[in-house]
Amino acid sequence: MKTFSGGVVDDVRFVAKADYLKQLAALRDEGFEMCVDLTAVDYLTHPGRALPAEVVDSIVLERFEVVVNLLSLSQRRRVRLRVQVAESDASIGSAFDLYPGTEAMEREVFDMFGIRFDGHPDLTRILMPEDWQGHPLRKDYAQGSIPVQFKGAAS
Amino acid sequence: MTTTENQTKPGEAEVAAAETSEGRQELQLRKDISTKEMMRGSGAVLRMSESEVASLAGVQSEDQTMIINMGPQHPSTHGVLRLMLELKGETVLRCKPVIGYLHTGMEKTGESLSFMQGATNVTRMDYASPLNNELVFAMTTEKLLGIDQDIPERAVWIRMLLSELNRISSHLLFLATNGMDIGAVSMMLYGLREREEVLRFFQKVTGLRMNHNFIRPGGVAADLPAGWRDEVLKLLESLPERLAEYEILMTGQPIWRERLQGVGVITRDEAIALSATGPILRSTGLSWDLRRDMPYLRYDKVEFDVIVGSFGDAFDRYSIRLNEIRESMKIVRQVLDAMPQGDYRIQDKKVTPPPRGRIDESMEALIHHFKIFTEGFKVPVGEAYVAIESPRGEIACYIASDGSSTPYRMHVRAPSFVNIQSMPPMMRGGLVADAVAVISSVDPVLGEVDR
Numbered sequence: 001m002k003t004f005s006g007g008v009v010d011d012v013r014f015v016a017k018a019d020y021l022k023q024l025a026a027l028r029d030e031g032f033e034m035c036v037d038l039t040a041v042d043y044l045t046h047p048g049r050a051l052p053a054e055v056v057d058s059i060v061l062e063r064f065e066v067v068v069n070l071l072s073l074s075q076r077r078r079v080r081l082r083v084q085v086a087e088s089d090a091s092i093g094s095a096f097d098l099y100p101g102t103e104a105m106e107r108e109v110f111d112m113f114g115i116r117f118d119g120h121p122d123l124t125r126i127l128m129p130e131d132w133q134g135h136p137l138r139k140d141y142a143q144g145s146i147p148v149q150f151k152g153a154a155s
Numbered sequence: 001m002t003t004t005e006n007q008t009k010p011g012e013a014e015v016a017a018a019e020t021s022e023g024r025q026e027l028q029l030r031k032d033i034s035t036k037e038m039m040r041g042s043g044a045v046l047r048m049s050e051s052e053v054a055s056l057a058g059v060q061s062e063d064q065t066m067i068i069n070m071g072p073q074h075p076s077t078h079g080v081l082r083l084m085l086e087l088k089g090e091t092v093l094r095c096k097p098v099i100g101y102l103h104t105g106m107e108k109t110g111e112s113l114s115f116m117q118g119a120t121n122v123t124r125m126d127y128a129s130p131l132n133n134e135l136v137f138a139m140t141t142e143k144l145l146g147i148d149q150d151i152p153e154r155a156v157w158i159r160m161l162l163s164e165l166n167r168i169s170s171h172l173l174f175l176a177t178n179g180m181d182i183g184a185v186s187m188m189l190y191g192l193r194e195r196e197e198v199l200r201f202f203q204k205v206t207g208l209r210m211n212h213n214f215i216r217p218g219g220v221a222a223d224l225p226a227g228w229r230d231e232v233l234k235l236l237e238s239l240p241e242r243l244a245e246y247e248i249l250m251t252g253q254p255i256w257r258e259r260l261q262g263v264g265v266i267t268r269d270e271a272i273a274l275s276a277t278g279p280i281l282r283s284t285g286l287s288w289d290l291r292r293d294m295p296y297l298r299y300d301k302v303e304f305d306v307i308v309g310s311f312g313d314a315f316d317r318y319s320i321r322l323n324e325i326r327e328s329m330k331i332v333r334q335v336l337d338a339m340p341q342g343d344y345r346i347q348d349k350k351v352t353p354p355p356r357g358r359i360d361e362s363m364e365a366l367i368h369h370f371k372i373f374t375e376g377f378k379v380p381v382g383e384a385y386v387a388i389e390s391p392r393g394e395i396a397c398y399i400a401s402d403g404s405s406t407p408y409r410m411h412v413r414a415p416s417f418v419n420i421q422s423m424p425p426m427m428r429g430g431l432v433a434d435a436v437a438v439i440s441s442v443d444p445v446l447g448e449v450d451r
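If you read the protein sequences in the order shown, they are chains V and G.
For the first sequence, the residue numbers in our numbering are 1 to 155.
For the second sequence, the residue numbers in our numbering are 1 to 451.
If we strip away everything but chain G, and leave its shape as in the complex, we get (with noise of 0.2 Å):
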C-alpha cells in the first residue's frame, strides 16, 4: 500500500464557509477536531427530520446547500438504505443514514418462536452470511442450557468449516458489488461467480444455498455429506488463481486505487468511538478479531493472520477483506485436517431430536420427538450474551429466558446496524462519488440493519 496524505479533501476550502440552520458549518482539518466535537458539534452527522427537511423546500437564500436524497432505491445502496446528504456544490457536508425499511420486526418475532424454530429467523437477518448469524444464536442458547461445553468435536469444527466458508462467501459478495459500485463491473460476475460455488457447497451440506437453519441448538442438523472433502479441496484450489486475478483486475489497477486510496478515511479514535468492528476498525490498523482476541469454537487451535490496514480508507478496507478470503482458507485448510469422526450433535435427549428410525421402535423416542417439534425444550431462565466475528463485525445474540421454550427477549447485534454510523464521518467533506464507495466499502446488509 502507498502511503496517502488525505486528510485534507479537494474541495474544502469552498465549502468552509457553508451556512446551515445550524449555523456556519466550518470544515476543520480532520486532526483538529476531537470525535465527540465531530460527532456532536462540527457536524459530519445532518441533524434534522424528515418532515424538517420537506419544509426546508422553496428556501432562497445565498450560499445555499443542497439537501438530496440518495436511495432507498439506487442501486448502490445496497438494498434500501436511503441517505440523506447535504451538499455544497458536488461536496457532501453532512449526511443521515435513513434506515428501517427492511423493518420486520424480527426481533419480535423471534419472541413467538421456539429455540427450535429460532434459527430459521435470525438466518435471515444478515442474508450474506446465514451461518454466522444461525450459530450465534445456537452458542448463547447452548450457554443459557448450560450446554456450550459439551458439543461434540465434530460438530464445533463443522460449525468452524462453515462459518469460514460463509465468510469467504460474503467477502465474494463483497468484492462483486465493490466492484461494480467502483464501476468494474466485470468484477460483479467474476465474484457472483466463485460466490456461487462457494454456495453450491452449502447446498449439497444444509440442502439450500442460503438461510440455511443448519446449525442448531446443540450441534448441526445433519452430518457432512459424503464426498465433502473433495468438493472443498476442489473450492481451495480454484480459489487462489481466480483471488490473483482480482488482484491484477483491481488492485494494481491505477484507476482502482485512485478510486479508492484516501476515500471514506475514518480514524482509529472515531472507529472506536462510534463502535465500528470488523474491516472497518481493522482498516485503522488496529488489530482486533474475536476470533484470535476472544476465540469461541476451536479458533485457538487453528493458525491465521488478522489482516489490518494502515489508513483507514476504502482502499484498505478492500484489501482487508480480500486478504480475509485467503486467512479463511487457510483455515478451512486447517479444519480439513482437523475434522474428528463422532457425533455432529449433542445427545441430550431434551434438545436433540431422536434419530428417524427410533421413532418406530420406541415409545419415549416418540414422545420426545413430539415433544421437541411441538412445544420446544425449555431454557432455564437466565440472560446470555455471546458475540463472534462475522466478516462484517462483532455479531452477537442477547437472549432473556423466562424458562419457558422461547425467548423471553432476543436481541442480535448486528454489526452493519452499528457500523453505517461510520458513514458520515466517512464521506464528510468527499464527492458524491466518493459517497457511493464509502457505502461500498462499509459493506451493510440492510437485512440485518433494519431485522
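This is chain V alone, in the form it adopts within the complex (with noise of 0.2 Å):
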C-alpha cells in the first residue's frame, strides 16, 4: 500500500504474522540492510482502523500492531512493515537473526506492550524495573494521577 502525503511517498506494507520473518528476510536480500526502527502500537480503543483493498482478505486486524521500519541505504529507500499481533497470542518472531540492531528496541516493546518475541536472546524488561508489573504503554494500563494542592496560594 502507498499512502500519499503532500508528495512525500511512504511504502507500507501489511504482512501476516505467519510470513513476517519470511518478507523481512527477502526484504532484507532485497537491500533493506538495516532496520531503524521496530515498535508497537495497542489499538484497543481505536478498533475502526481501515485495511487497504488488496490485503483485506488475508489480514484480520487484531488488538497490537508491530510496526517496522526498514531502510536501504543503498537504495535510499524505506519500507514500513505492519504486523497484527493478536491479544490472544501476543508474541511474534525475533528479528534478531536477520537484524540484530532489533535487541533494544524488541525488548522495549515486550517491556512496553508485553508482546513476546520468539528467538529473542535476552528477552527482559529494558526500561522498567525488573520486578514490575503490568506493560505501561498498552492502553488497558492504569494511569494514576495525584491530585496537586497549592499552599498557600489565595483562592
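No lab work stands behind these hints, which were simulated from the structure alone.
Glycine included, each C-beta is placed from N, C-alpha and C at the ideal position.
There may be inaccurate statements among the hints.
With a straight-line Cα cutoff of 27 Å, these simulated DSS-like cross-link-like pairs (lysine-lysine) come out [unchecked claim]:
1. K378/G <-> K108/G
2. K371/G <-> K108/G
3. K378/G <-> K330/G
4. K330/G <-> K204/G
5. K378/G <-> K139/V
6. K234/G <-> K139/V
7. K108/G <-> K17/V
8. K371/G <-> K349/G
9. K350/G <-> K378/G
If you anchor each label on the Cβ, the simulated ranges turn out as follows [unchecked claim]:
10. G144/V <-> A433/G: 38 to 48 Å
11. L336/G <-> E87/V: 53 to 63 Å
12. E375/G <-> G144/V: 16 to 26 Å
13. E153/G <-> S74/V: 52 to 62 Å
14. D230/G <-> P47/V: 55 to 65 Å
15. P355/G <-> G31/V: 46 to 56 Å
16. K371/G <-> P47/V: 50 to 60 Å
Hints given; two lone chains; assemble the complex.
Listed below in C-alpha cells is the structure:
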C-alpha cells in the first residue's frame, strides 16, 4: 500500500504474522540493510482502522500492531511493515537473527506492550524495573494521577 | 588521520581462556567473527539479568572473571547510564548497558497531550538538541495533516537555521564532555563556554536556553527578533578561531591521539547490523546523512559535505563531530543569504492560533484561539513516520492518529537508545579506561535513551 501525503510517498506493507520473518529476510536480500525502528501500537480503543483493499481478505485486524521500519542505505528507500498480533497470542518471531540491532527495540516493545519475541536472546524488561507488573503503553494500563494542592495560594 | 592497526587489542592473549557460565570465552580476532556471531554467540553482550549477577556473589573458582557495575552514578556515564562490565583483570570481556533510570514514560505522556502541547514533551527527550526533537514532531504532525508542503518558506529556513545551530551547540557539548572524560578538563570549560554563546542566541529567539517549544506544527512560534542576523554573524566569526584552538589543544596532541586512536573500533557491517546511525555509522567510512541522502526542509538547496571517518574508532567519531560543526557553519551562512521574507507560520486557522490583536476585534478569532488552546486541533486518522538527522543520528517520530486532537500513539525513534547497542562490541577486549572513551564517543543523551 502507498499512502500519499503532500508528495511524500510512504511504502507501507501489511504482512501476516506467519510470513513476517520470511518477508523480512526477503526485504533484507532486496537491499534493506538496516532495521531503523521497531515499535508497536495497542489499538484497543481505536478499532476502526481501515485495511487497504488488496489485503482486506488476507489480514485480520488485531489488538496489537508491530510496526517495523526498514531502511535501504544503498537505494535510499524506506519500507514500513505492519504486522497484526492478537491479544490471545501476543507473540511474534524475533528479527534478531536478521537485524541484530532490533535487540533493544524488541525488548522495549516487550517491556511496554507485553508482546513476546520468540528467539530473542535476552527478552527482559529494559526500561522498567525487572520486577515491574504490567505493561505501561497498553491502553488498559491504569493511569494514576495525584491531586496537587497549592498551599498558601489565594483562592 | 594516521593508520592504526588496532584489530588486536593488548591483553587479548591473556583473556583467551576466560571461563564463564556460558562456557569457554575464546576471544577470536575481530575479522574472524561475523556480526551475527558477535552478537549472538561469541559474546560482546553480557546476557545476564541483575538478579542472576547478584546470585553469583561469593562463587569462587580459578580463572574467574569479575562483574562490576559502572554507573549509574558515575561522572563519565553521561547521566545515569549503568554498565555491567565483565572484567578479566583490567580487560573488558563483555558488557551490558542497563538503562531506564530516567524513564518517565514520555511516550505515554505524549498520548494525553494535544498536538499543540506535544512539542513541550518531545523537546525534553534529547535535551542537548531539543530543536531537532520539536522539528521531527512538528513534521510528523504536518504530514498527518497533509500540510507538510504548505509550510511558509521563511518558517522552513528558520527551522533549518535553528536545527543547524543546535547541531553546533550539541557537538560543542560533545567536545566538552569528551574532553572531560579523556582528561582534557580545560576542554570542558571551552566547550561549554562556546555552547553557551549558541544557547544565548536561542534564548533571544525562543525565550529559553533549552526545551524551547519553538518549532510547532504549522511553522515556528514567533518570527526572528530584530538583530538576529548580527548575532548569528558574531557567532560564525568567533567559532572558527575557537575550533582552531581545539585542534591545537586536542587533535594534534599525542596523548589525545593515544587515548582515542584504535579505541572502540566498530566495523561498517557491525554498525549497519546494529542500526547505528549518525557519527557512529559515518566513522566506519559509510557516507550516510539524511540531510543529503533523503533531504527534508531545504537541505537540497544548500551545499555541505558529509564528513566520514576511515577506521570506525573513537578518534574518527571525535573528528567527525568537530568537522560537522564547520559544515553546519557553512549551512548557517547559506541560510543567512537565502532567508526569505514572509510568514513564519502557516495561515491555516485550524492549526495556527490567530494573532493576539485579532482576538479583540473578531469573535471568530476568539473562538479559534479558545478552541486551539483548550481542545487542540484534530488530526485525520492515519499514521506517519518522519525521520531527520539529529546530531546523534536518525531521530524519527511515528504517530498513529485516531482522528482526535491527541496522538493515539506517539513513538520517538531515539538515536541514542539504538546507538547504545554498539557499545558492547566497541568495548570488547579493551581496557576499562577505554570503556570511558567509548561511552563518551557514542555520545548518548540519557533523557532520550530512557524517554
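When the hints from earlier in the document are held up against this structure, which numbers fail? 3, 6, 13 and 16
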